[in-house]
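Once you've looked at the hints, dock chain B against the given chain A.
Chains as they are written, first to last, in the working numbering: chain A, 6 to 298; chain B, 6 to 298.
To be clear, the hints were calculated from the coordinates, so they are not data collected in a lab.
It is possible that part of the hints are untrue.
If chains are identical, the list can't say which one is meant, so a pair holds when it fits in one copy or spans any two.
List of simulated lysine-lysine pairs, DSBU-like, C-alpha gap at most 30 angstroms [stated by the list, open to error]:
#1 173 <-> 123
#2 145 <-> 173
#3 259 <-> 173
#4 99 <-> 123
#5 173 <-> 241
#6 123 <-> 147
#7 147 <-> 173
#8 285 <-> 241
#9 167 <-> 285
None of the values given here were measured: they were computed from a predicted structure.
Protein chains: 2
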Amino acid sequence: MAMATANKLALLMALLAASSYGALSSPELRGLWTRAERAVEAAAELFVEEDLGAPVIHALRPLVGSADPDPLPLGVPWDSWRLAVETGNIIDWKTVPAHCEQAIVKYLLGDQYRQDSKVVADEAVAYTEGFKLRGNDAEKEKLVWLFDIDETVLSTVPYYAKHGFGTKPLNFTSLKEYVLQGISPALPETLRLYSALRSSGIKIVFLSTRKEQLRNITEANLRLRGFSGWFKLLLKPDDCEGTAIVYKSGERKKLQDAGYVIVGSIGDQWSDLIGQAEGKRIFKLPNPIYYTP
Amino acid sequence: MAMATANKLALLMALLAASSYGALSSPELRGLWTRAERAVEAAAELFVEEDLGAPVIHALRPLVGSADPDPLPLGVPWDSWRLAVETGNIIDWKTVPAHCEQAIVKYLLGDQYRQDSKVVADEAVAYTEGFKLRGNDAEKEKLVWLFDIDETVLSTVPYYAKHGFGTKPLNFTSLKEYVLQGISPALPETLRLYSALRSSGIKIVFLSTRKEQLRNITEANLRLRGFSGWFKLLLKPDDCEGTAIVYKSGERKKLQDAGYVIVGSIGDQWSDLIGQAEGKRIFKLPNPIYYTP
Numbered sequence: 006m007a008m009a010t011a012n013k014l015a016l017l018m019a020l021l022a023a024s025s026y027g028a029l030s031s032p033e034l035r036g037l038w039t040r041a042e043r044a045v046e047a048a049a050e051l052f053v054e055e056d057l058g059a060p061v062i063h064a065l066r067p068l069v070g071s072a073d074p075d076p077l078p079l080g081v082p083w084d085s086w087r088l089a090v091e092t093g094n095i096i097d098w099k100t101v102p103a104h105c106e107q108a109i110v111k112y113l114l115g116d117q118y119r120q121d122s123k124v125v126a127d128e129a130v131a132y133t134e135g136f137k138l139r140g141n142d143a144e145k146e147k148l149v150w151l152f153d154i155d156e157t158v159l160s161t162v163p164y165y166a167k168h169g170f171g172t173k174p175l176n177f178t179s180l181k182e183y184v185l186q187g188i189s190p191a192l193p194e195t196l197r198l199y200s201a202l203r204s205s206g207i208k209i210v211f212l213s214t215r216k217e218q219l220r221n222i223t224e225a226n227l228r229l230r231g232f233s234g235w236f237k238l239l240l241k242p243d244d245c246e247g248t249a250i251v252y253k254s255g256e257r258k259k260l261q262d263a264g265y266v267i268v269g270s271i272g273d274q275w276s277d278l279i280g281q282a283e284g285k286r287i288f289k290l291p292n293p294i295y296y297t298p
Numbered sequence: 006m007a008m009a010t011a012n013k014l015a016l017l018m019a020l021l022a023a024s025s026y027g028a029l030s031s032p033e034l035r036g037l038w039t040r041a042e043r044a045v046e047a048a049a050e051l052f053v054e055e056d057l058g059a060p061v062i063h064a065l066r067p068l069v070g071s072a073d074p075d076p077l078p079l080g081v082p083w084d085s086w087r088l089a090v091e092t093g094n095i096i097d098w099k100t101v102p103a104h105c106e107q108a109i110v111k112y113l114l115g116d117q118y119r120q121d122s123k124v125v126a127d128e129a130v131a132y133t134e135g136f137k138l139r140g141n142d143a144e145k146e147k148l149v150w151l152f153d154i155d156e157t158v159l160s161t162v163p164y165y166a167k168h169g170f171g172t173k174p175l176n177f178t179s180l181k182e183y184v185l186q187g188i189s190p191a192l193p194e195t196l197r198l199y200s201a202l203r204s205s206g207i208k209i210v211f212l213s214t215r216k217e218q219l220r221n222i223t224e225a226n227l228r229l230r231g232f233s234g235w236f237k238l239l240l241k242p243d244d245c246e247g248t249a250i251v252y253k254s255g256e257r258k259k260l261q262d263a264g265y266v267i268v269g270s271i272g273d274q275w276s277d278l279i280g281q282a283e284g285k286r287i288f289k290l291p292n293p294i295y296y297t298p
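Here chain A stands alone, though its shape is the one from the complex:
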């Protein structure tokens, strides 16, 4: 790691420690936070560029601690905003409220995002282990589990870390450039669920709104991060402009009509999970960075 970046990380750690004790709450110290944010971006970039194999977010984790977000002086409190987003009470939002930026950085780079994901994966693994594979072999052959891709098995947080952590309007072009690098890290808790399913005999189907034109790089990225042996990788036709909820409901319906039984389904958006043919159980991973209708 370059010395300059190590210094930036030290600054970042000090600022996060200070802010968790309220020392950064006065407006004149906001500039310091901006410097800290730049350090996070530099760090995220560095980890991606230097070590393609390591999970970027979680490699950063021990460096920034797990301090609770500060109380936010303006607008909706971060905690309540996040809960309302995760429960689908706040919908159709375009960006994370600007005053939540400090809190979302801590959330994503601290312990909490990983812990929240771990509890979801633990529940899904327990459900999978308890799920009895009834019926004859032909029936067992028809059991499938659906995975969304972005923010479910692969993370685009390294991209968002360099673009305001969701507080700025999304630039699809630059996000696509990131995705095309094929280096999105694995979300390790979902990888654990994936591995449990691989040994259960339930078939794995990826269902993503990534377009067909991204098939090769998506397959390569999944394999790079330890995902293999899937049954189907369903991507959106290049000319399809429907919403995620409509597209994914339709694909689930097709699976069901072809005789498949959807044992479980996991995603970071409600639009990954609800609509038609929802299957026997759904698992909603956290995602406070962006909203997909």
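Same frame as chain A, but now just chain B:
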């Protein structure tokens, strides 16, 4: 207020302040927390008995502050457990994990529960105000909004405050005794939504799994707490043993079949909201105390 109770409240405040700084994390100090809990129970009882008009939970609110829950040493962290419960990832749970008791007390009696509820109510009010009353008068007459009752418009937290805040198995008999007092306080954020709807022309329907035998006391309790002018109060037949999700789906379906349009629906359980005839938009209030299938 009796002096002895004032002293208990002072002890409680001191203990909560101490625990929020980590002073109570060592096991040998657990006994102190038990004393604090008894003080909370005494306080809840007192407020209910002395002032029927005041909302119990929120009268207590300023006394206990809004400190974030401490990190929990054992089991699933409180924050992640609560998020998983509120998003429906953890289902069919019987009691709040014992190690979350301190956190749930702070959650319910501190600022967070009210803040979380406020954000949901704000979204629902904004949606209501933006909802265009289209069509002719006959069509407008058919617009309805569904409210659940317990933990949606009325609170049973004063009961749970005296019975372990959800960490102990529910005693239906003693809960029913509490409900039969007819003094459950209003949840003020939902009352605000109720008032906004009353002036919108959208009809209000209560849909609760309280049994018919509780109709009189339920009506009296609602009126005592400022709810009036509802269109229907749908209670579960005394001999009906179906789950909430089945019963409520059936009642919504009947409303829909009778030509009503469900503009919105609000409840604290997913079983209040999903299933059949969900309506145009659903709002999930927080409830980490108990789970209703």
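Subject >> 30 angstroms Cα threshold - placement of residue 123 relative to residue 173 >> reply: both (28 angstroms within a copy, 26 angstroms between copies)
Original post:
Are the CA atoms of residue 99 and residue 123 at most 30 angstroms apart within a copy, between copies, both, or neither?
Top reply: So residue 99 and residue 123 pass the 30 angstroms test inside a copy (27 angstroms) and across (21 angstroms) alike.
Original post:
Given a CA cutoff of 30 angstroms, do residue 259 and residue 173 count as a within-copy pair, a between-copy pair, both, or neither?
Top reply: neither (36 angstroms within a copy, 45 angstroms between copies)
Original post:
For residue 123 vs residue 147, is the C-alpha pair at or below 30 angstroms within one copy, between two copies, both, or neither?
Top reply: within (28 angstroms within a copy, 45 angstroms between copies)
**OP:** Measure nothing new, just compare the shortest in-copy and cross-copy C-alpha distances for residue 173 and residue 241 to 30 angstroms and report within, between, both or neither.
**Re:** within (26 angstroms within a copy, 48 angstroms between copies)
**OP:** Classify it for me, residue 147 with residue 173: is the Cα-Cα distance of at most 30 angstroms met within a copy, between copies, both or neither?
**Re:** neither (43 angstroms within a copy, 41 angstroms between copies)
Subject >> Intra- versus inter-copy proximity for residue 285 and residue 167 (alpha-carbon distance at most 30 angstroms) >> reply: neither (38 angstroms within a copy, 37 angstroms between copies)
Subject >> Alpha-carbon proximity context of residue 285 and residue 241, limit 30 angstroms >> reply: both (24 angstroms within a copy, 27 angstroms between copies)
Original post:
When no copy is named, should residue 145 and residue 173 be tagged within, between, both, or neither for a Cα gap of at most 30 angstroms?
Top reply: neither (46 angstroms within a copy, 40 angstroms between copies)
Of the hints listed earlier, those the structure fails to meet are numbers 2, 3, 7, 9, in rising order.
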